[in-house]
Amino acid sequence: MGDKITLEIMRYDPEKDDKPRMQTFQVPYVYEMSVLDGLQYTKDHLDQTLTYRYSCKMAICGSCGFMVNGVPKLGCKTFLRDYFPQPVRIEPLANFPIEKDLVSDISDFIKKLEAIKPYLIRENKGSLKDGAYSQTPEQLARYRQYSMCINCGLCYAACPQYGLKNEFVGPAALALMHRYNTDSRDQGRAERIPVMNAEEGVWSCTFVGYCSEVCPKKVDPAAAINQSKVLSSIDYGLHLVGKAEQPKTIDDRHRISERKEG
Amino acid sequence: MGYRKPYQRPMTASWWQQNRYYQKYMLRESSSIFVAIYSVNLMLGLFALTKGPTEWHLWLSTQTNFFMMLLHTIIFGFVIYHAVTWFSLAPKTIPVRPSPKITDKMLELGHYVAWAVATCAVFVLFFW
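Chains as they are written, first to last, in our numbering: chain C, 8 to 269; chain F, 65 to 192.
A few of these clues could be false.
[As the list claims (entries may be wrong)] Computed footprint of chain F on chain C, listed as stretches where at least three residues anywhere in the stretch have a Cβ under 8 Å from a Cβ of chain F:
#, region
1, 165–172
2, 213–225
[Claimed, not checked] Okay, derived cross-link-like pairs now, DMTMM-like style, lysine to aspartate or glutamate, Cα gap no bigger than 25 Å in a straight line:
#, chain 1, residue 1, chain 2, residue 2
3, F, Lys-165, C, Glu-145
4, C, Lys-50, C, Asp-10
5, F, Lys-156, C, Glu-145
6, F, Lys-69, C, Glu-106
7, C, Lys-225, F, Glu-119
8, C, Lys-236, F, Asp-168
9, C, Lys-172, C, Glu-130
10, F, Lys-69, C, Asp-112
11, F, Lys-169, C, Asp-10
12, C, Lys-84, C, Glu-145
13, C, Lys-236, F, Glu-172
[Said to hold, decoys possible] Coverage of chain C stretches by chain F, computed from C-beta distances (three or more under 8 Å per stretch; other residues unrestricted):
#, region
14, 55–65
15, 97–106
16, 234–240
Keep in mind the hints are simulated off the structure, nothing from the lab.
A virtual CB, placed ideally from N, CA and C, is assigned to each residue, including glycine.
Okay, chain F solo, but in the shape it has when bound (with noise of 0.2 Å):
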């Protein structure tokens, strides 16, 4: 063996800014704050609900002014963001297909119409 001196390039803080499949991943990643942020708030909510009318009343109003609005409208672009994203990678998380005849696009069907469904319970539980 001759004269070795390997060089470790650096990572820098920026490294996913250089390509788009970074910058999407980050994207994704990061709508976990939203949902966090969102979490909280429902956390406050029910907390609100457990103290008596009044704190309830007032955490209602709250939901309604204009930054809260806007808040929850960010928010449920990432949550949409976060779910189309998981949507189409949750095929490579399963393993065992009963027939191959079940394609990728097949699964991610599978959790649109898991999502729609789940969605229209919710509404008719509220609504009905």
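Chain C extracted, bound-state conformation (with noise of 0.2 Å):
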């Protein structure tokens, strides 16, 4: 016992400075100790104005992402005892502008995820009486990978396209995208296709493939979006022929939630 841990934490405070810069903390070192609980022991015990996200502490919400030594990380799924005795340096997910000290503005991510409309789209919608849709097994397997994701940021914070350009939609909204398409239930894949087929849709990304890396869920994004460049080619083939798939639907009125159909 008595051993200490350094973390090494970006702060930046948007009243008082213009660009970020990094302090140093020593804080007890426990071996069930998480990067979150060492961010949570400077804050109660060393220097209450430090600010971060977290919530559920349990790898579920998504809110605690931040850099670890340089690679995006869920503060509450990553142990210090995988870096003491080196000292372990804490920043804002990259990519994102920094609100305060680790607290990074993921609303551009937040914008594009609502872009690719993430929810089923159906022609008409059934009636309460004729029960949920039914699916089968198989028919799950094919997107329920991509339906893990958690909206956490890691990916985007991983991504050299995205931090290069960020017009481009992402990965884990492409990802989500590519979870309704292949969705048995969904009919509104053609009110995705443009945002699929725009220069900041599929065709940005160039397969680095670092989002599925540090992905905390195991969601696959590259996976996602590189298996819509195959839908988009598709796309593109039957426009030239005249048989594009068009929109059913106008507009989000047919609108249903997941949660509704049970």
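Take the two lone chains, each set in its own frame, and fit them into one complex as the hints suggest.
In structure tokens form, the structure reads like this:
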């Protein structure tokens, strides 16, 4: 006992600083401590002005994404023991603007997420008495992996294409688009295709693949995007012969949530 | 809402040096430059062939000098690297599997088998 670990934390106070700076803290090292626990100790005992986001502490909410020694990680799922006795550098998620200290502004990602219409779109909404839309385990298996996304934004911090040109729709949003496009209950693919085919859609991805590497839920956005490229190419071919899928719905009036479907 | 002044960190030209994953990606992408050099050389050869036997033999003789041999060795290394990295990524681009029993490793292996078959076919065509 009595061991200490050094946390090098990026600080940025928009009211005082022109640019971020690093600050070092010594926290007691305990084998079970996560990076988030380290931050919690720092805030409770060393500097209460330290700002960061977290909620569930169990890799479900996706709030505590940080760059840990330059790698996008969830603070709650990353343990200090994997770095001890070396110091740990904690910075806000890369590629997003810093709001304050370790809080990054991910609103651009949220905007893109909305743009891909991440909900089931039905041509005709069935009535409640017809029951749920049924699906075979095989149909579920086609998209299940992509539905595991917790919107933590680690993949955006890992994506150099997004960092260089943030018009790119990006990994998580495109993976979720693929998730709905491959859902047998969904009929809204034609509505999402314009986003997919756009310059900043799937074709902005150069298959770096680091997004899939850092994903804490094993979603594999790189696979989703590159499979969407196949769909996009087929759509291009169909357009040439005038057989492309046309949107059946005009807007999201037919929007239904999965939860209602049960 | 209080006072806001979000800070956007600049992305430097050396971004790809920060981890091994990016470095390997850049190596894979830069292999295309070497493939392009090879293609240009090959096209020059075809062009020489259309010009006549003197030009063709001149092109052939340039291929065996030390510089060209070295260049070909480097290009060969890069092409192999490109193929290996691409084959390992290929299963990610294949959405529909006839059976869930077909694993990523099997698809990757399939690419190597196809490569071996194609190579043998080329050898047979040339040396038979």
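A quick look at each hint next to the structure:
no. : hint                   : in the structure
1   : 165–172                : holds (count 3)
2   : 213–225                : holds (count 7)
3   : Lys-165/F to Glu-145/C : holds, 13 Å
4   : Lys-50/C to Asp-10/C   : holds, 19 Å
5   : Lys-156/F to Glu-145/C : holds, 18 Å
6   : Lys-69/F to Glu-106/C  : holds, 7 Å
7   : Lys-225/C to Glu-119/F : violated, 57 Å
8   : Lys-236/C to Asp-168/F : holds, 19 Å
9   : Lys-172/C to Glu-130/C : violated, 35 Å
10  : Lys-69/F to Asp-112/C  : holds, 11 Å
11  : Lys-169/F to Asp-10/C  : violated, 44 Å
12  : Lys-84/C to Glu-145/C  : violated, 31 Å
13  : Lys-236/C to Glu-172/F : holds, 19 Å
14  : 55–65                  : violated (count 0)
15  : 97–106                 : holds (count 5)
16  : 234–240                : holds (count 3)
Violated hints, in rising order: 7, 9, 11, 12 and 14; the structure is consistent with all others.
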